[in-house]
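Asker: Chain by chain, the residues run as shown.
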Amino acid sequence: MDSNSDFLVQFKNVQKSYDGVHLVVKDFNVDMVRGEFLTMLGPSGSGKTTCLMMLAGFETATSGEIILDGQSINNVAPHKRDIGMVFQNYALFPHMSVAENLAFPLQVRKMGKSEITDKVNHALKMVRLDNFANRRPAQLSGGQQQRVAVARALVFEPKLVLMDEPLGALDKNLREEMQYEIKHIHEDLGVTMLYVTHDQVEALTMSDRIAVFDDGIVQQLATPHALYDQPCNAFVANFIGENNRLMGKVIAIEGDTCRVELSGGGGIVQAKKINVDKVGDTTTLSLRPERVLVNPAAGVCPNNCEATVEELIYHGDHTRTRVSISGHTDFIIKVPNTHNQQHMQRGEKITIGWDTDDCRALDA
Amino acid sequence: MATSYSKVGEMTTNDGVPLKVSLQRSQRKLKIWAFLLVAPLLLFIIVSFIIPVVNMSLRGVENPQVHTIMPNVTKALARWEGVDLPDEATYAALVLDLQEGRKNKNIGKVASRLNYERSGMRRVISGSARKAVKLTEGPYKKQMIKIDKSWGDVAVWSLIKRESGQFTFSYLISAVDYRTNDQGNIEAKPENKQIYKALFGRTLIMSFTITAICILLAYPIAYLLATLPLAKSNLLMILVLLPFWTSLLVRTTTWIVLLQTQGVLNDVLVWMNIIDEAGRLQMIFNKTGTIVAMTHILLPFMILPLYSVMKTIPPTYMRAALSLGANPVVAFVRVYIPMTVSGIGAGSLLVFILSIGYYITPALVGGQSGLLISNMIAYHMQNSLNWGLAGALGFILLVIVMVFYSIFNKVIGIDKMKMG
Chain C
1 MDSNSDFLVQ
11 FKNVQKSYDG
21 VHLVVKDFNV
31 DMVRGEFLTM
41 LGPSGSGKTT
51 CLMMLAGFET
61 ATSGEIILDG
71 QSINNVAPHK
81 RDIGMVFQNY
91 ALFPHMSVAE
101 NLAFPLQVRK
111 MGKSEITDKV
121 NHALKMVRLD
131 NFANRRPAQL
141 SGGQQQRVAV
151 ARALVFEPKL
161 VLMDEPLGAL
171 DKNLREEMQY
181 EIKHIHEDLG
191 VTMLYVTHDQ
201 VEALTMSDRI
211 AVFDDGIVQQ
221 LATPHALYDQ
231 PCNAFVANFI
241 GENNRLMGKV
251 IAIEGDTCRV
261 ELSGGGGIVQ
271 AKKINVDKVG
281 DTTTLSLRPE
291 RVLVNPAAGV
301 CPNNCEATVE
311 ELIYHGDHTR
321 TRVSISGHTD
331 FIIKVPNTHN
341 QQHMQRGEKI
351 TIGWDTDDCR
361 ALDA
Chain F
365 MATSYSKVGE
375 MTTNDGVPLK
385 VSLQRSQRKL
395 KIWAFLLVAP
405 LLLFIIVSFI
415 IPVVNMSLRG
425 VENPQVHTIM
435 PNVTKALARW
445 EGVDLPDEAT
455 YAALVLDLQE
465 GRKNKNIGKV
475 ASRLNYERSG
485 MRRVISGSAR
495 KAVKLTEGPY
505 KKQMIKIDKS
515 WGDVAVWSLI
525 KRESGQFTFS
535 YLISAVDYRT
545 NDQGNIEAKP
555 ENKQIYKALF
565 GRTLIMSFTI
575 TAICILLAYP
585 IAYLLATLPL
595 AKSNLLMILV
605 LLPFWTSLLV
615 RTTTWIVLLQ
625 TQGVLNDVLV
635 WMNIIDEAGR
645 LQMIFNKTGT
655 IVAMTHILLP
665 FMILPLYSVM
675 KTIPPTYMRA
685 ALSLGANPVV
695 AFVRVYIPMT
705 VSGIGAGSLL
715 VFILSIGYYI
725 TPALVGGQSG
735 LLISNMIAYH
745 MQNSLNWGLA
755 GALGFILLVI
765 VMVFYSIFNK
775 VIGIDKMKMG
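Line by line, the protein sequences give chains C and F.
Under my numbering, the residue at position 255 of the first sequence is numbered 255, and the numbers go up by one with no gaps.
Under my numbering, the residue at position 121 of the second sequence is numbered 485, and the numbers go up by one with no gaps.
Next up, chain F with everything else stripped away, as it sits in the complex (with noise of 0.2 Å):
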């Protein structure tokens, strides 16, 4: 017997070790080596991917500014009710704020951070600062109103108050244009400061074209090359991949040298007699370039997929279509399609998801209105330097993004996702 039964029912092995006990014993060194083998890569994702994405996101709710530079206006404020002004705890507690802060060179953070909120703001702290350092006795409530008025004013107080947390929402507020009123409610923002929602519906608009375009033109190549004797296909392949093992710089500013006003495509118009020398087109420098020069890039990212879905699908399916009745293009569409359908979802979830986020070609030739979500994150990491609002920005789009793929993981099914 190779087994055993104990009192209560339970499987042992023949030394009496109970068999699941047994069994992961004898497992546990295959275990331990399967997570050795991929611990590198492991660590390696989590230093360069998780930790960056983690960090960026808690900047689009991290606000250490007032709360960390004036610790004693945060505390003064925390019992006042936002009525009336504060009293004159509080306005000491200002002047020493500033003038620590003033010694310690950060007060500027403060001043910018709340500039942010309420433009103007950097000129009342960096002013008040640079002469609160003159103060020596109080009262200080009527010194600090007169060095600037703003200090009057209940609203200021209100935002330096709502500001004092360590953690906040006007980032993720503000990046879907929203932003909060001096009574504290939420509310959209005038129109012409209205940015963020229009940029991330023209991202999402032109992704979806994109992908649509992609699916129209990768469909007859994939099948050609799925159909095609291996000799022919072999050489239609390299085509499909010659781009890809291009420089991405290299391919788009191509398409500057073809699309450009007084570039290739537009000459041979005008050769043509098509137009005219005053009606050249513009091609690049807005959403048409973006458009054409993305799908050109992402191409080969529904190709591949499509055809490795084609590649495994008989031809004896569309035979047996035809033998029952159905005329070729009614069997493509009942039959053929649907069988590539896990193909047609891969390629898209890939094109959707990578120029969701794409920065270098719009950038290149986007021109104004073909910029997209991401140009705007590399504009306030790199310009603005308002690194918590490209946080809250990035952070929307990863909410996106996942939810474009759990809806995807609904309908089609990310088991039945074949990538190249």
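The shape of chain C in the complex, shown without the other chains (with noise of 0.2 Å):
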């Protein structure tokens, strides 16, 4: 056996140039678990998708290895790599029923008559559509189109199936459903996925680990707890979530926290030391809004602030609090509308604190 056969996907070192001045993906390394679900996440031109395409073959990688299952498949052509693929409009053939667009991969790999029907039907009823076999493409709609596609790509059996950027066609509702429709399905079959999106919530929701892309490199890899609680650098901690960023200047090192001045004269915080080396460089600190209490009882947090309410927004469920703190005037706490919760005005001075864990000192 192969020393890395735990790896079903292996990228090393992988570049890409269009232009041959400029490289769209840097330096990609990635290792895929079988029947893992991985999703590429990250900003349009950040490469996430130039990376799935070098995987399904339709794009070649300009240097680097691409490996899939031990072998290399950099000279492989498209249609011998057994990967199946959902596209981001589906790309339904629309000249074919449902039942035809199922039967058509295993057409191609001149299956019997019986075992399609039998593979087709089984693959209908596993995203419900064993009613709408017969129906053309546009004839459903748009989440019924989702469906298919992905019954597509699973029908034949795949190693892998990839993922570019499925729901961004469909409203927020059916959005949500699909996410779960589709983590089931992974869940059920245990098929490897690779999942490219620019929607934070859906990979964070979806995911067993999130490649998050930035500049044509991956920025940070991890499981979606770990991203959100423990990004490695300001990038990550914007992308992912709502975050709050104070900027200070590191004036102590301790172990693995750090004291840092907030400039804008709003005193000393200590904060966990993630990516800064040494004393004097400036650093951003970032907060989680939902991390942030008010006016907590002395002693509870390690860190206090003064604050001045600006703004007040309900949502229902908690109200954002816009608050100045050190001369950042867009600081937001998410305050829970719970029912001892005690109400503010705008212009009021309120503390706020911290835990230091919860503050971390990263890259400027």
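Don't take every hint at face value.
Stated by the list, open to error - Covered stretches of chain C, going by a simulated chain F footprint (3 or more residues, C-beta under 8 Å):
1) 83-90
2) 103-110
Said to hold, decoys possible - Calculated from the model, a selection of chain F residues having no Cβ within reach of chain C, i.e. all distances over 10 Å:
3) G446
4) S522
5) I559
6) L581
7) L612
8) G627
9) T680
10) L686
11) S687
12) L688
13) N750
As the list claims (entries may be wrong) - Under 8 Å between C-beta atoms, here's a sample of chain F residues computed to sit facing chain C:
14) A456
15) Y681
16) A690
17) V694
18) V699
The hints are simulated quantities; they were obtained by calculation from the structure and are not laboratory data.
We put the CB at the ideal spot given by N, CA and C, even for glycine.
Relying on the hints, combine the two individually framed chains into one complex.
Answerer: So, in structure tokens, the structure goes:
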């Protein structure tokens, strides 16, 4: 057995350039475990779709190696890779019925007629479209087309399924529904999935691991939980979830914490040291809005700050409170609307506090 | 409440007018405007297209000559049974009509008309008319037969009776190489006189050939046009349209220069020793010339509809087919080509219908074997002046086009057709 047999897909130092001047993908390294749901998340133009297309075989890697199931596939034609793919606009063949669309990958593999019928029916049942077998794609709703596309990518039992922003064209409710449905299909079949999206909520709810892309580089590859709670740099902190940023300067480093003097004269706070090196570095402190406490009892939080309420926005389950702190006017606190919640007024002076672990000192 | 219900349950507006009436009233102004906007074009089409087409088609069945110029004979023959020679009264009517026709100088029309059906009738009618002027009293039967013994032939009288109606099918019958014999039965013309059926057949076969060649040539170009980057595809598009903007006559004559026996292509072949001096190929003034020149001229009509369809097909369909395991050829045949069927259909219909009625190019480069039915129609319009036959041939051509159009509509659907 190959020593890497646990890994279904490996990208090794993959680079891609379209014009010979700029690198779209700068240095991509990922090992995908069998059965994993891996998401590539990033803003548009960050290189994530290019990586997906290189794996599918529609783009060639400029340098580096892509390994599928222990074998380099750099020179394997797309139709021989045995990879299922769901496209952004589904790409269902308009001149074929739903059943014919599903039968297509089986027919080109020269399967027997009865076997094809069985597999197609099974796949249709899986996505709950058994009654739509003879419809044309144009006669289906967006969500139904999406399900057909997923079924078509799975019906020939590929080793790997790629999805390129498959839910982008759906409305919000349907998108959430489909997220769970795809997630369940993944769990039931145990198929390995590589998913591309720019929607962080989608990535967080569905993935086993997420690779955050920016500028052709994977900024962080981690579980959703780790990505949200422990972002490793300012880009990831900002891109995943909502984030408050406070600028400051490191004045002391004590083990894995550091003391930071806030710019604007807001005093000195403690923060977890993530990627600051030395005293005197400028740093961005990252704080999640829901981890900030309003008027904490004395001694609860190691860090306390004076703040002025600037704006209150009612959101039903919580109130977004915008406060100014140390010259930053866009500091957001999510205050849950529970029974004993105190009511704040605009212009009120409050104290806010947080745990040292929740405040992460990142690169400036 | 914006609406209320009257007793019978019909929807009415607030002031009690039925909703449908009110709706119609409110849209009437829009409809009048819409009609006024299309009225100039409608008028133009009626005057310059519909009326001439109907007029020419009618000429294929109209038969006024005998009926109007020989009214007495027409009346007299109405009760003739056609077994023996007609009675004395009919001969008297004949003399009267011939004298009248000669005086009015229109008897020649009857002569030409009857000559189409039976050769020699021009001489019979004209000669008899000249001599009948001198006849003053009866009995006319004997004198007429003496003037021309054809008047003693029952077949001649049958012909006149047959063609004395206001309308006739004889042009249409003749246009498909049939004729009415002396006994009044419809039979095929002798083989050496059959020309139209073969000509229709040749027109159809050549139109099919040209359409097929156009599909084969246009498909790769249209595909290239639709998939190349914009700057390159624009340049290619100009190359496609350039001949389109050149005069038809110039393009056709250019082919003569290229293809004639002492032309460029033959010279090159001789120079390359592929053929020798004696073996120069005859590539123009025959079918080959017509097919080459017409394909060249009609090619843009195939490229443009194909291109407009291909332009709308995103590359993801081919990618999807590849990712599902189809090799590029299978993917192209089973996924790409079916999606371009409407473009193929539109282009084929255009090219086929245009080529079925094409006139100038076959006239210039067709020689004898490359002539099409439209050239024959033009011949009857301009040279033989047999407008009735020209009308009948044109009408049959129109019917053929209609038949192909409805087949196309059944198979592909005219609503799916996309033009340029």
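Asker: Each hint should be assessed against the structure and marked as holding or not.
Answerer: Now for the hints, and whether the structure bears them out:
no.: 1; hint: 83-90; in the structure: holds (count 6)
no.: 2; hint: 103-110; in the structure: holds (count 4)
no.: 3; hint: G446; in the structure: 63 Å, holds
no.: 4; hint: S522; in the structure: 61 Å, holds
no.: 5; hint: I559; in the structure: 45 Å, holds
no.: 6; hint: L581; in the structure: 24 Å, holds
no.: 7; hint: L612; in the structure: 37 Å, holds
no.: 8; hint: G627; in the structure: 46 Å, holds
no.: 9; hint: T680; in the structure: 4 Å, violated
no.: 10; hint: L686; in the structure: 4 Å, violated
no.: 11; hint: S687; in the structure: 4 Å, violated
no.: 12; hint: L688; in the structure: 4 Å, violated
no.: 13; hint: N750; in the structure: 50 Å, holds
no.: 14; hint: A456; in the structure: 76 Å, violated
no.: 15; hint: Y681; in the structure: 5 Å, holds
no.: 16; hint: A690; in the structure: 4 Å, holds
no.: 17; hint: V694; in the structure: 6 Å, holds
no.: 18; hint: V699; in the structure: 6 Å, holds
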